[in-house]
Amino acid sequence: MKSYLVLADRFIKIQKKRAILTIIGIILSVALITGTGTLILSWQEGMIQDAKRSNGDYHTKFLRVNGESAQKILHHVSVDNGFLIHQDGYAIMAHNSGEGIQPPHCYLSIQSFSAEAFQRLNVELREGRYPQAPDEIILDYWALKNFPEGTQIGDTLTLEIGDRFTPEGVMLEEGTWSEKEVFEGRTTKTYKLVGLVQPNMITDWNFAQAYSYTHEGQLDQSQSYDVYVSLRSVKNTVKDSEDIARAADVTLTGEEASEISYNERVLRLMGNSTNPIMDKTMRRILLIIVSLIVVATIAVIYNAFNMSVIEKVSQFGLLRCVGATPRQINAIVYREAFILALIGIPLGAFCGVFAISILIEVIKRIAADSGFGNMALAISWPVLLVSIAIGFLTVFLSAWMPAKRAGRVSPMEAVRNTGEIRKEKFKSISRSRWLLPILGPEGWIAWKNLGRNRKRFYITVFSMVISIVLFIAFGSMVDFAYKAEIIDESTYPHFAIRNKYYDSSVKISQEDENRMMTISGLQTLYRYGSTHGEVMLDKDKVNPDVYTFMNQPMNIDDEGRAILSNSQFLTYGNNAESILKSYLIQGKTDIFDGSDRVLIVNAGKLYDGARNKAVLLDVATLKPGDKITLSVYAEAMEEYKEITLTVAGVLSQGIFGETKNTYGGIQIIGSEELYKKIMGEESFPEALFIQMEKGADSSAMRDYLEDYTARNPELMYLDYDEASRQMENTMLVLSIFIYGFIAVIALIGSVNIVNTISTNIILRRRELSMLKAVGATQKGIMRLVRLEGLFHGIIALIIGTGLGCLLSKVLYNTAVAVEEFPWTFPTLQVVIAVMGTLLITILSGIIPLKRINEAVIIEGIRCEE
Amino acid sequence: MEIVKTIDLKKVYGKGENRVEALRGINLSIEKGEFVAIVGPSGSGKSTLLHLVGGVDKPTQGKVLVDGEDVYSLSESKLALFRRRKVGFIFQSYNLIPVLTAEENILLPLLLDRREVDKAYLNELLKLLGLEDRRHHLPSELSGGQQQRVSIGRALAYKPSIILADEPTGNLDGKNGNEIIELLKYSVKKYHQTLMIITHDPKIAAQADRVIQITDGMIVAQEVTQL
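Chains as they are written, first to last, in our numbering: chain V, 1 to 865; chain E, 1001 to 1227.
In short, the hints are calculated from the structure, not lab data. Please read all numbers here as calculations on a predicted model, not as lab measurements. Take the hints with a grain of salt, since some may be wrong.
What the hints assert, rightly or not - Listed next, the in silico PhoX-like pairs over lysine-lysine satisfying Cα-Cα at most 20 Å (straight line):
#1 E:K1078 - V:K779
#2 V:K660 - V:K605
#3 V:K641 - V:K676
#4 E:K1058 - V:K850
#5 E:K1078 - V:K850
For reference, chain V alone in the conformation it holds in the complex:
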């Protein structure tokens, strides 16, 4: 033995199991920090990719600038790279019949892109290639049917290009149209068709997109361009962009002025939103999460360390007996800490990164289609170094107190053979016996045990509290994210069929519908109907805040009931139960028996103009069993109808894009029969929604719909397939991230609880064996240990849920700066925390107890702690 310090190594060797437990604690903690850092970075990168994919890959765009300014912008020193677009105008593809409400013509909307723009704005090719010359063009694949039969890639198209005007002569912009609009041609141009585009979704068959090519080097000074740029640095996006505009002589005021706009979603994800409040909020939330994790980590490692020192008290006493100074004992503890840290920390960092890389690989496999498909593992040295530093710091902080304690061990501790008794203070133990008949002898002893070692009691409760707080706070924050629509849950059906003119119902024979049902990949066919109307209800059940935000008084009818105009009455047919059920928060979905029972959505979204932010709030507080009166105009029957409905259940939100109520109305969802009874058979269904199976090939369905609508020209289909699938994948990935993170937090909490409780048991092995020696049964001991864990758990839960809810409120106050929504008590999280904690406290005694039970009693009594 070279030095007394070698004792540390020996201690580790002797207490192998304890050392391993401590190392696991360190590994988990460091892995959590590294993993979180890596995950946040990778996720951010993934989200940026996703945002770039849906919003375009640029930071700032300058709209309507002349050719000269465009050149200056692209070559500005602050600009990293850029591309531009020229709005060429419209070309008529076909003429509409004049029936219904629609523009008089079907148009091609033509834009010229510079080379990079195609990829950066995600123009996805179905076949062919991108244009490479100004006389080449690509178009939405479905637009071909408006050209002569047999038109294909390689053919030439001659188009008269012009603009659309209202009868008053005002030019119509992209996305607007009028029934009486007039087309004025400017020029005729011949293009060669080189490719077909797969649009993300098709919702308007009157406008198809076409893209030609423009060369950045040959800009026409008389034309105006939209210039998209990525900046070298996004720290001062707004200021830099304004500087660029100034340098490029871009006029931002007056008529025909240019305009700067920002790719807000991408910038926000890069942590540089143009909205300073948003930025601050995000950073603050991140900081809170990371500090919570660090605190939890310290609790775990400290705990593990403390336990290992407590276990060795008598050995330190012996060392003191033979003349070791407190300083030498300190050194032994620190050395032990250092050795364990040296093993645990690198392993932890590795495990953290490794776990995330597996996670990302899994995500890529299952969600290749979403923006996360090209997500890459972001191994960042700063993250690794900071994690390792935090790890070491934590280990030494954790070892500090136990080392001090070890140094203070008096030599007498070792000499005294009376076991633990002298080490603990028992003054505070309750001596009353009133709990004895309630808890039974074992429970009563368990209760008394709580008071025997204040410090250990505090540590145990503290480590549980940390886990509970972390779980509740983070869980409720995820809730906020959903509520505030930071995580957008709205989905669309993959396809919809409706009347072209929006003024009549879809007339599809039962046969056709049945045929549709047999097409491969179809999951559910929803028969949709919707109408606007007024809802009368008890005015106490209406949230008065709605009228404050809308800045208007509540409408009251003759009977003193509140009138909610802007309400919606909908049905999704009788196949909708399972999808509706997934949003049910109260009551039942048993509305499909044709009765007057309905589901309602209380949740609404209003815009608070004064404070420039959206406000989420419940418009009404309707509950199952409440009666409401619906008043609608049934067009098909040409009469007003008033009908009393009973609320069967409450949904958290609506489905298929109609998620939240706007303008202070509520949503009522009924059965198909109820809808027909009120609105008449004639008007139903207004549309059919087609939901495809997950991962199913949609081409058969698309071909069928294409063919079907060709045969039934008054019908059209809407194609949300691509967008819906991306959305579903994105949601899946988000869930994996969120629940993965929550799982890790729960795991860390569990390890901590298991560690503390099992150590508490192991430390008292002798005492428990003693109880057995005087006749306590195995079951009795089990009861004692379980109850002791349970008591700790209950006390921790009382404190933890309180603090967790408080922290949830603090986080809410931080988040609410961006969007306002009411804070709700995190009931679900609290319930899970309570169940989880109780379960873990009960379970964590099992393994150490087994050890005690398997060993013969006398070994337990003999064992020296």
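Starting from the known structure of chain V, fit chain E onto it as the hints suggest.
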């Protein structure tokens, strides 16, 4: 009447090089009401024998019969009842439950049985043990002699038929030690109990009905001192 009988009792600890044969075939019979002293050098297997009789260890081979019943064929919970009701254990290091008061420690076997406490007997016991004014003190507030008396009280509380004492006076001075032995003798006589005591003290051994000497895990001599 025979109350304890061991048949070819063997106990081996450890494996391979560390193998220790603590008991190497003990055949012993103890009559009800007998006071037996077990003597022998350290490590001879005295304590192991006592533990095996008391049902807190497990024999490698052989049987322990108490009242004709094979102790180690009992189920785990029956064995617990056996320890609770039939046997009173007194350890050299008192092994009290630190969170329970003197009185509660004494009553522990009764509490575990959820039995009503016989107040009169308890008071008698406390008086006998000289703990009347210490009954509400925790073990940490008691001296070594007092703690040992509490542990004797615990062993006697159930009026068990067998009392097993492992060097009960080992940690006590002479005066305290004598008191303890007197106490045990008094109880044994009064309740017609059987006492097995391990001791190094020849004076204590001399008071026993029989002295059994164990060396190297075997009974090497039995000496009846009083009849």
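Status of each hint after checking the structure:
A threshold of 20 Å between alpha carbons decides the hint, and for K1078 of chain E with K779 of chain V the separation of about 12 Å falls inside it, so the pair holds. Our distance criterion of 20 Å between C-alpha atoms is met by K660 of chain V and K605 of chain V, whose separation comes to about 6 Å. Taking the CA atoms of K641 of chain V and K676 of chain V, the gap is about 12 Å. The hint holds against a cut of 20 Å. For the given pair, K1058 of chain E sits about 17 Å from K850 of chain V by alpha-carbon distance, which is consistent with the 20 Å threshold.
Distance hint between K1078 of chain E and K850 of chain V is fulfilled; the C-alpha atoms sit about 19 Å from each other, no more than 20 Å.
In summary, the structure agrees with every hint in the numbered list given earlier.
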